[in-house]
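Participant: Sequence:
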Amino acid sequence: MGKQIIIHATVLYDGNQKIEDRSIVVENDLIVDIGQKSGKCDFEGIVTPAFIDGHSHIGLSREGEPHQESETNDKTDQFLITNDPLNSIYFDDRAFSEAVDFGNLYSCVVPGSGNLIGGKAKVIRNFVPNRKDAVVKDYGFKMALGYNPRSTTDWKGTRPDTRMGIYGMLEAKFDHILLKEEKAAFTKMKAVRDADKRLKQANISQAEHAELLLDAEKEYRLNFSTEDNAYLDLLQGKKTAKVHVHKEDDALYLIYLKEKYKLKVTAEHLCDVWHKDI
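Under this note's numbering, think of the first position of the sequence shown as 18, with each following residue one higher.
Please note: incorrect hints may appear among the correct ones.
[What the hints assert, rightly or not] Derived DSS-like pairs: lysine-lysine, alpha-carbon spacing no greater than 27 Å straight-line: (1) K190 <-> K149; (2) K293 <-> K190; (3) K277 <-> K190.
[Stated by the list, open to error] The following label-pair restraints were derived from C-beta to C-beta distances: (4) K149 <-> R111: 15 to 21 Å; (5) F60 <-> D109: 23 to 29 Å; (6) I48 <-> E276: 37 to 43 Å.
I should point out that these hints are in silico values taken from the structure, not numbers from a laboratory. Given the structure is predicted, the values throughout are model-derived calculations rather than measurements. Cβ coordinates follow ideal geometry from the N, Cα and C atoms, glycine included.
Could you put together the complete structure from these sequences and hints?
Facilitator: Here it is as structure tokens:
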């Protein structure tokens, strides 16, 4: 049994209801009991749930630093799906302490919106001193539609200056990955079918059959790079894309994209989207 910390909540708000004068018992960083106020307490005050910033560049664009120091966008390519924002966060950014002071204890940190796919989305703790214990979850990926990725024509890589150009690039990338996976899966299926046939004809033993199946699976996996696997996580619905959207037609394109590729997405910002039917 670890040391217990007792908090007297003059007001306890859980997101649904407000209760007054409660004792909260914390042990090993977990709330183990909530009951009537009793005896001495270690801390006293109003207790509410922590805020989570669902879309943040904290630690990437640091407070007080010149714009040139920002690491929010990498300018090398439109497709940077394996870029990890954790690698560009400095935890001495004073925005962290200010966020914690105002109850914002967690952030989902994402790259900026200058690229079609800027990198990963990571949920982090704002109250840790460095990256060592920061990550809560590898949530998904950051995408951007609309004006932003078509405005970065002076950056490196292929940079269309129209939305039809960047959307064409995006769908071509998705189609390429899906076709690559389909070909690899077909080759694996043929190898498995051949192994099953040889076993049925008693040409190989059970052990040899099992080895052939393992070989088929390994050959399938060797077709894909780290980047390919990240795209497959997105295209197979294992990860969520947080998608920067500005105007209504781009929101409708995101709906089209989601339905075509069966993506898990959330629309972010929606700055100029206000018709209820959209």
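Participant: So, for every hint listed, does it hold in this structure?
Facilitator: Hint-by-hint comparison with the structure:
Of the supplied pair hints, the one linking K190 and K149 is violated, its CA atoms being roughly 34 Å apart against a limit of 27 Å. A threshold of 27 Å between alpha carbons decides the hint, and for K293 with K190 the separation of about 32 Å lies outside it, so the pair is violated. Between K277 and K190, the direct Cα distance comes to roughly 14 Å. Compliance with the 27 Å bound is thereby established for this hinted pair. A hinted range of 15 to 21 Å holds for the C-beta pair K149 and R111, which are about 20 Å apart.
For the hinted restraint 23 to 29 Å between F60 and D109, the CB-CB distance of approximately 27 Å keeps it satisfied. In this structure the hint that I48 and E276 lie 37 to 43 Å apart at CB holds, the actual value being about 41 Å.
In this structure, the hints that do not hold are numbers 1 and 2, in rising order.
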